[in-house]
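Take the sequences, apply the hints, and build the full model.
Going by my numbering, 173 is the number at position 173 of the sequence shown; the sequence numbering is gapless.
Everything hinted at is true.
DEER-style ranges, computed between Cβ atoms:
1. Val-139 with Gly-45: 47 to 53 Å
2. Ala-14 with His-89: 17 to 23 Å
3. Asp-176 with Thr-60: 33 to 39 Å
No lab work stands behind these hints, which were simulated from the structure alone.
In this text, a Cβ means the ideal position worked out from N, Cα and C, and glycines have one as well.
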Amino acid sequence: MNKATRAAVSTYGALTGIMGIEHGLGAVLQGNTAPAAMVFSSWPGSELFEILNGEPAMSTIPNFLVTGILAILLSLIFLWVVLRVPGRHTGLYLALLSAAMLVAGAGFGPPLIGFIVAATASRLHAPFPWLRAHLPAGVGRVLSVAWPWLYAGSLIAWLGLFPGTILLDHFVGIADPELVVFGLIGSAFGLMFLTIGAGFVRDAQQRGKAPAPAANWLPVPSPRR
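See below:
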């Protein structure tokens, strides 16, 4: 299994599940009532989530309580799938769960990340022959060495977005929330794509270094006459 790709799937998948649960909790707390429209705020009127525009979401179910429970359940299943030992069809399962989360109140961001995680999971066992054959050796070495730093920077950006912006705005205050939030969104997604791409390169190089099967040096018995 490709270790760098596995790390990306587990990390970004865990973020997807946790953020989906957060959206679901906001819907549950709105009780057994119907939303005014298909698109709604998960946390309307909340000062904490005001900086994130109340965490928008959508649902085809005309009930906040049912929507929230379903969003939480789907997000928990997503978490279970990404944290267990992945199989050949993990990417397909994650894509289907992401689509269900999108229409069941788990927000817009979590399903979008979920689709990216699903696409990445489809390469968990890929040998990456094209990268090994065509990527210049120097570029491959640079990306492979940079992968841990890109991974750490990406994680910091995502945590800075959630829950970092919420906590910073609550305790300190942010003068220009839109600039900070959109800046972090761009950084988080940009670093995530760089991390995934560099992880593919790192895994391709690791596969290229895999030792060849040991030769069988046992003497072959001569046939009896």
